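Chains as they are written, first to last, in our numbering: chain A, 1 to 981; chain B, 982 to 1071; chain C, 1072 to 1487.
Treat the hints as calculated values from the structure; they're not laboratory data.
Do not rely on the hints blindly, as some may be mistaken.
Okay, the calculated beta carbon distance ranges per label pair [to be verified]:
id, chain 1, residue 1, chain 2, residue 2, range
1, B, Ala1067, A, His558, 20 to 26 angstroms
2, A, Ala389, B, Thr1054, 49 to 55 angstroms
3, B, Asp1017, C, Ser1293, 34 to 40 angstroms
With a cut-off of at most 20 angstroms between alpha-carbon atoms, the simulated DMTMM-like pairs for lysine to aspartate or glutamate come out as follows [unchecked claim]:
id, chain 1, residue 1, chain 2, residue 2
4, A, Lys867, B, Asp1060
5, A, Lys865, B, Asp1018
6, C, Lys1337, A, Asp92
7, A, Lys865, B, Glu1012
For clarity, every value in this text was computed on a predicted model and none was experimentally measured.
Even for Gly, the Cβ is constructed at its ideal location relative to N, Cα and C.
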Amino acid sequence: MTQTNRLDGGQIDRDATLSFTFDGKTYAGHPGDTLASALLANNVRLMGRSFKYHRPRGPLTAGSEEPNALVELRSGARQEPNTRATTAELFDGLSAKSQNRWPSLAFDAMAINDRLSNFLTAGFYYKTFMWPAAFWEKLYEPIIRKAAGLGSLSMQADPDAYDKGFRHCDLLIIGAGPAGLSAALTAARAGKHVILADEDFRMGGRLNAETFAIADMAAADWAAQIIAELCTMPNVRLMPRTTVIGAFDHGIYGAVERISDHLAIPPAGKPRQILWRVNAQQCLLCAGATERPIAFENNDRPGIMLAASMRAYANRWATTPARRVAIFTNNDDGHRTAQDLHAKGVKIAAVIDTRPDAQRSHDYEVLQGAQVKDTKGRLGLTFVEVAQADGSSRTVECGALGVSGGWNPNVHLTCHQRGRPTWDDGLAAFVPGGTLPPGMTVAGAANGALSTHGALQSGRDAARKALGLKGRAPAVPKAEDAPVNQSPFWYVQGCSRAWLDQQNDVTVKDVKLSHQEGFRSVEHLKRYTTLGMATDQGKTSNMGGLAIMAELAGKSIHEVGTTIFRPPYTPMAIGALAGRMRGKEFHPTRLTPSHFWAKERGAVFVEVGNWLRAQWFPLPGETHWRQSVDREVTATRASVGVCDCTTLGKIDVQGSDAATFLNKIYCNGFAKLAVGKTRYGLMLREDGIAMDDGTAGRLAEDQFVVTTTTANAAKVYQHMEFVRQCLMPDADVQLISTTEAWAQYAVAGPNSRRLLQKIVDADHDISNEGFPFMGCANITVCGGLRARLFRISFSGELAFEIAVPSRYGDALMRRLMVEGEEFDVTPYGTEALGVMRIEKGHAAGNELNGTTTALNLGMGRMVSKAKDSIGSKLSERPGLNQADALMQVGLRPINADHKVTAGGHLMNATGPVDAAHDQGYVTSAAYSPALGCMIGLGFLKDGGNRLRERLRLVSPVTDLTVEVVVVSAHFIDPEGERVRA
Amino acid sequence: MIIHHPLLGPRDSAEFVYLGAAALMDRPDPETASADDWHDYAYLRDNPAGPHRELWFHEGGDRSILIVTRDTTTHEITDVALARPAGAQI
Amino acid sequence: MQYSGFKVIKEALTGHKGWKPAWRDPDPKPHYDIVIIGGGGHGLATAHYLASVFDRHKVAVIEKGWIGGGNVGRNTTIIRSNYLLDGNEPFYEFSLKLWEGLEQDLNYNAMVSQRGIMNLIHSDAQRDAFIRRGNAMILNGADAEYLDLAQIKKEYPFLNFDDARFPIKGGLAQRRGGTVRHDAVAWGYARAADRRGVDIIQNCEVTGFRIENGNCLGVETSRGFIGAGRVGCAVAGNSSRLMAKAGMRLPIESHVLQAFVSEGLKPVLPGVITFGAGHFYVSQSDKGGLVFGGDIDGYNSYAQRGNLPVVEDVCEGGMAIMPMIGRARLLRMWGGIMDMSMDGSPIIDRTHVDGLYFNGGWCYGGFKATPASGYAFAHLLARDEPHATATAYRFDRFRTGHMIDEKGMGNQPNLH
């Protein structure tokens, strides 16, 4: 438990010690540490294995661009694969495991791949594993799959909660480094609503990692002071631990705030993460820059990292990967690392600078015009071999090597709306291009202002410009303003196993092979070699690959271009994108007015769209659902049953043109429907296919109540609004959905009238004469409660539908049960409802499947030729009116014990059973208690002329063949006497 | 996306249901239209890469249908109007 | 050059010096028998079958960017033939059979992996519909299997059986369905076509058609006029833009479909799974990423990118059905342009211009169709008559009322 590589200073809280484990071994760290910094402090450099060759790896970076140091964080259901040790905040009790290795991190059997690397080059798998064909799934692929992948999921449901929220601001600033802080201060002092988001848990960006001064203060202190001021301002919202993942249309930014990831488990009532949708009037991208590596032979050993990351570990986290380090650089920034580490007492073995004229130092040796040729050290760097300017070789012993190839502005979000960055020769880097997401500006290092002073100034100026601030600009504090001296240096000549993409094991050699084989477009390069497709999305690797491809192709880097930057900026938990919409909360649950009553009755419920409906009401002693359903059907047909049909869509249509309107949306006529009458209506889509059916009752000259099927309520309403607003804009007609406003119950069976007469107020005559079949009326019940009564029947029995305001629905149901006792009233559910409608031959969702016409449904003659209605013209097309068109029929098994299956296909009694001889299909099936056998509805070619024909019903997928006979779809009361009783 | 509703101001597109090209408002005259007219109306689309007039139904709002002019290459919205003008017969 | 394990070993031992470009980079010739516009999966497959099956070798594929850069390079890699309607099922089954022999045909390992596809069922009506579909598949010679809840639990124990809003009631499986390494399909077809003499011409944009007296004589391109006996267009989401140059309006709208991939994970999923009560389907790539998608964004778009509501909708579906993926991270999201047709089914047909042929309207199902689409289009281009499995894919089916509407959504492309 000794932090042998802990240095002085830093922004860690040494007063507190945190205990954590990595691969079962216990270590200590401090608040402010990341897992990576704490492991480095404990002299652990080896943290992972690469994807393909299983090469030993340590952290390359100190941030979210990390490709190597990925761990499985936490355990049990909270196990989180592929977590970057470089961004995981240390907490007491943290446990992490290395991944993608077996049996251990230090000894990984799959490292055999590294020995075979010459065979496993880019795209080798496209050229082999083809013989024999069946071996792919059986042999090759399982091996590849097992070896591939990185970390593993726990396979248990994620126990944590995620939330979503909306935020609005005048200016969203992404990144709280010098540019972001400067911009935030400028905007905030001007009174603007500012959101400042930063992926880090400590705001300040590079200022926390540097030793230079701003306004005569340590940079980190200056940052802390600005942040403190911003904290006091009510118009500023600071969002640390928040990654802006993407720039979407119209100023919408997605941002993930990690609320509890720095804790062992989320506090009670707190989510793990929140996905914010930030609506920003303006956005200022201050995402900084990412240091880029140089490729050289074996540049991936644990201990080799980016120089500025090494500096960040020393300055911010007071740790170093080794006590003796070397630096390999092509620019001045590498020297800064050497100076800072030297100042912290770390031995600088050498600074290897590619430039012949590199500055010398009194504190350590600088090898001018030198390059790293190769490195050694199986599980951690031991020394590097340097090719010196004079051609001689030299070995430099070191436990870590900081590498700096310059900086790449973080342009990712500028490209999320398919803008492309442009190449800046002066910076030798891509900078934001001309086409940014509307409302976005870029400042600081992200825009190529790489000095601290430049960043401060550009942040201030960009904020002023974005917000249109006038007046004199506030002064920018004094700060480092070193000139930028980046020149391209991508790889050391002659190297081959020099890693570009460390996670996916893409080397310089692979890029060359890709070029050799014609995969020369950057997208081909990416896809063929997998360069940049790892979890770091190429943040440290892409540029090197592009540069080498450009060189091989004899083109400029600009001509070669980049691949497309896609959201998210860094990978984010899928759970956060789902938020609370999971489990039972996946969709809203709509309850019917009688729900709680039905629950008391022990009803079994079924999901019908978002509704929960009573499916059947089991009685004591009933052990199989069929017993309950058969009883409900039989009892309803014998006396009276009640069913909650509130879920049917109800649309109130009002206005002097209401009848004209209905005449347009229904294929059958409605203009002449008398007040107090209801009519069945069939609605077509404009393409002539049946959309929905239902009834429309005319309650007044200028008022209709339209009902729809449960499933199509929203769709029909939308369609009606389209017709009203887009096709009949001058008509006087208004629509409103009243589905939820009225509780509606079907009261069906020969005693239904008698039951209703007990609750309908006496001044309303509901006798057969006073209120005949298809009547409708506004009435009152139970002594003055307003209600609507429709004499319509889905069951085929004498039946009514009665509606009362929803809040009386529960009471009405209970009252019907009490009043119905003398008739043995039976509540019935959706199953019995379905059985009765099949017995009666009514079409429902299974028949109105979006491909059937009025003709198919046996209602061809309903399509009025006397008027124009939606769909009437296109329903006349020949393909929809073939002589042998499918027609709805009824089906009975020859043997009453045989099963009829919905989804079965119909075949002639003899002859082949195949698609070419298909005669139709079964849409609905049920056991009919009245007939004592199963029955079905189906569509049969020329079905109208094939009554009494014997067919085979085949359902090979459920292993069924049954002989059936074609019958009328109206199994019950075909003359319709009962409904008129 | 954000749609600036003429009556309700900026609204998230998630409140809306997309109904398709605004050309769907130009239903053929049933008295005079040919079968080809009906076919073209129901099935053929300009489908431009650029400004596109299209219908959005404010299902999660005031239920008005808007004619939105939106560039299909950038998603930029340049105009929003009510399909049924507010002054229409009520 | 023939690819083989032996060749890989030989090259490894000799410094990989022998590998040649997978396809040539020729300049366009003045005239070809057949010019195919669009170097995507369908265009390249068409070229391959023209050369290998129909013995047409004076063929060029013209691509405005880099080949395989459209939907074949940007999809969720699923292959299956679980269609319902007679107009579709034989075609997709033909396609699946071609997939099954693809690698040997192309001498290219596209990693055709028949690990199965499972469509979950959540309601009685859905069960009825899936049984009808499974029967249609079997009656058309494809494979289908109905699984009850117990079988689903056994094969997919990680699904949400405990607190599902829409409980799983069963599933329809097609064991021969699966996934294919999508980029490799484009490259494999390109390489195979190239080896038979097809010119693959990248970075060559078609700017117009040369049409005289109702005959298409060739195409104007950014690299000059290229004459052609016949011109076939296979440009997916850009169909309307291209065919407008020939004076056509199409029964197609272009929509954005987003897709997603997670970080690499050790094996989690056995095959493809589709959620029946939400917009979510998923498989796991050989690299370990969960590859998943859902519904199209729903508005016309050529922007090749989508928006957050659909991203959230898809992830909600994912968490609803397999809540163990909550802590897996989404690595990358992308969008492609889908040529959404008016009935959800494709068109492979002649046009009103002689010598000009069209292939498009694949909606978001084009990838699995690649081999059969190429084969059928090659058949049409070579013989001027439709392939037996593609006779229903006519332009005039909307005029005559012979729509092939699997989902029953009618003439609203964004609902297919």
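* Asked: Out of the numbered hints, which ones does the structure contradict?
  -> Numbers 1, 4, 6, in rising order.
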